[in-house]
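Taken in sequence, the protein lines are chains A and B. Residue 108 in numbering that gives the first Met the number 0 sits at position 109 of the first sequence, with consecutive numbering throughout. Residue 31 in numbering that gives the first Met the number 0 sits at position 32 of the second sequence, with consecutive numbering throughout.
Derived by calculation from the structure, the hints in this document are not laboratory data. It is possible that some hints are incorrect.
[To be verified] Quick list of in silico lysine-lysine cross-link-like pairs, DSS-like style, CA-CA up to 30 Å:
#1 A:115 <-> A:100
#2 A:115 <-> B:68
#3 B:64 <-> A:107
#4 B:74 <-> A:115
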Amino acid sequence: MSNKLADELRRIRGIRNKSLRQVEKETGISNAYLSQMERGEAANPSPSKLHALAQCYEVPYESLMAAAGYMGEQPPGSSKQTVSATQVALMSADLDEDEEKMVAEYIKFIRSQRKK
Amino acid sequence: MSITNQPSFFARPESEMQVSNLSEKVLKKAGAYGVLPTPIDEIIEAENISNIDDTEELEESFMSKLTLKSKETFKGLLQKLRGLADLREKAIYVPKEDNHIRSRFPKAHELAHQVIPWHNVDPQYFDDKYTLSPDAQDVFEQEANFFASEILYQGKLFRSDARDYKPSFPAIFKLADRYGTSIQSTVWRYVEEQDEKIAIAQFYPGRSIDEQGNQVLQLWKVVCSPSFFKRYGGIKIPLHIRTGHDWVAARDLETVCDGNGVFDCEGSKCSLEWNVFWNGYTLIVMLRETPTLGVIGKIVG
Chain A
0 MSNKLADELR
10 RIRGIRNKSL
20 RQVEKETGIS
30 NAYLSQMERG
40 EAANPSPSKL
50 HALAQCYEVP
60 YESLMAAAGY
70 MGEQPPGSSK
80 QTVSATQVAL
90 MSADLDEDEE
100 KMVAEYIKFI
110 RSQRKK
Chain B
0 MSITNQPSFF
10 ARPESEMQVS
20 NLSEKVLKKA
30 GAYGVLPTPI
40 DEIIEAENIS
50 NIDDTEELEE
60 SFMSKLTLKS
70 KETFKGLLQK
80 LRGLADLREK
90 AIYVPKEDNH
100 IRSRFPKAHE
110 LAHQVIPWHN
120 VDPQYFDDKY
130 TLSPDAQDVF
140 EQEANFFASE
150 ILYQGKLFRS
160 DARDYKPSFP
170 AIFKLADRYG
180 TSIQSTVWRY
190 VEEQDEKIAI
200 AQFYPGRSID
210 EQGNQVLQLW
220 KVVCSPSFFK
230 RYGGIKIPLH
240 IRTGHDWVAA
250 RDLETVCDGN
260 GVFDCEGSKC
270 SLEWNVFWNG
280 YTLIVMLRET
290 PTLGVIGKIV
300 G
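Bound conformation, chain A alone (with noise of 0.2 Å):
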């Protein structure tokens, strides 16, 4: 697990001045994990789990999914819009570059017809 994550865990408890047990009635996540996740002993932690810890903690989810490893940052040149413009395709396995910016492009398209 990324070290970033069991740091940011931490830190931002401390901010929040909760124990390890509070945190665990508030999120269902047991203290033994919680304490794993902060030593960045547990191996990958869902995002199930990291949402239940941001809405603890009222910070943003996508900042602990960041911090987890589970956001890459977009290669050079690629559509910045694939992520906003689908977000989910089914069955989207395999797609290509080329494909991805197709759904982009798609869902733009659906979107102003919608509107009109």
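We have chain A already, so just place chain B on it with the hints.
Showing chain B alone in chain A's frame:
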């Protein structure tokens, strides 16, 4: 040629409990809990999500604006996509299928992305400089598939039904009809919910042609119930089967076939009963321990 396959489990997401609870909440909100087949369109409507299932006009209109090369890319894309979710606009798009059963799963899958709270990652938080990693996408897809399955099979309801029936294709056909789902997805879910030792091997037509001019079938995957895995660990299944093989008769004769055989399971010989079904494009083989008097189940006529 054969290999010892390490059968895979139906891996459920780590968030199984949350996703399952959420699906139940969504069903109840729409008054659809216990209503079969699950009225997926009504559920989507109850969530105030635009459900656009006739995308043909949009596709044609979009295509008319593309260059020749881009048109080809778009056509290829349409072959791969079974649905899209636009989280910002709270809309889902699922191309119309001739067989409406085929569109139910993509709709439920796209609904999942709309209602699972942690799927809504706002990329603008990073000024669009970041994208979801493949790991995160995999988790989200697995969760959406599980949610879709929970919605269509209504979790505990199917669990109870599946355990009432003796494992057989007629039982699965009945369940598929009751739940408005495909035979294939019902087979997977059925095995997943079984206490019995069952394995499923699925074959697709390959490129090779056999001596009779028929396509050779190639193994796609082997999955099993947890108790099968615990008992046997692995099972040797042929990688390719052709006309003349007992199982291929299900395709060539267009009927459900059954029989018994001795299989190599991690080095030990085990006697298994097999049932085979050809659904028009894939051959599904169900293998289970030869039943003893101790096995109790509702016999499906």
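Here's how the hints hold up against the structure:
The hinted pair formed by residue 115 of chain A and residue 100 of chain A meets the criterion: a straight-line CA distance of about 23 Å does not exceed 30 Å. Distance hint between residue 115 of chain A and residue 68 of chain B is fulfilled; the C-alpha atoms sit about 28 Å from each other, no more than 30 Å. Restraint check for residue 64 of chain B and residue 107 of chain A: satisfied, since their Cα atoms lie roughly 13 Å apart, inside the 30 Å limit. With a C-alpha separation of about 25 Å, the suggested pairing of residue 74 of chain B with residue 115 of chain A holds against the 30 Å cut-off.
Consistency note: the structure conflicts with none of the earlier hints.
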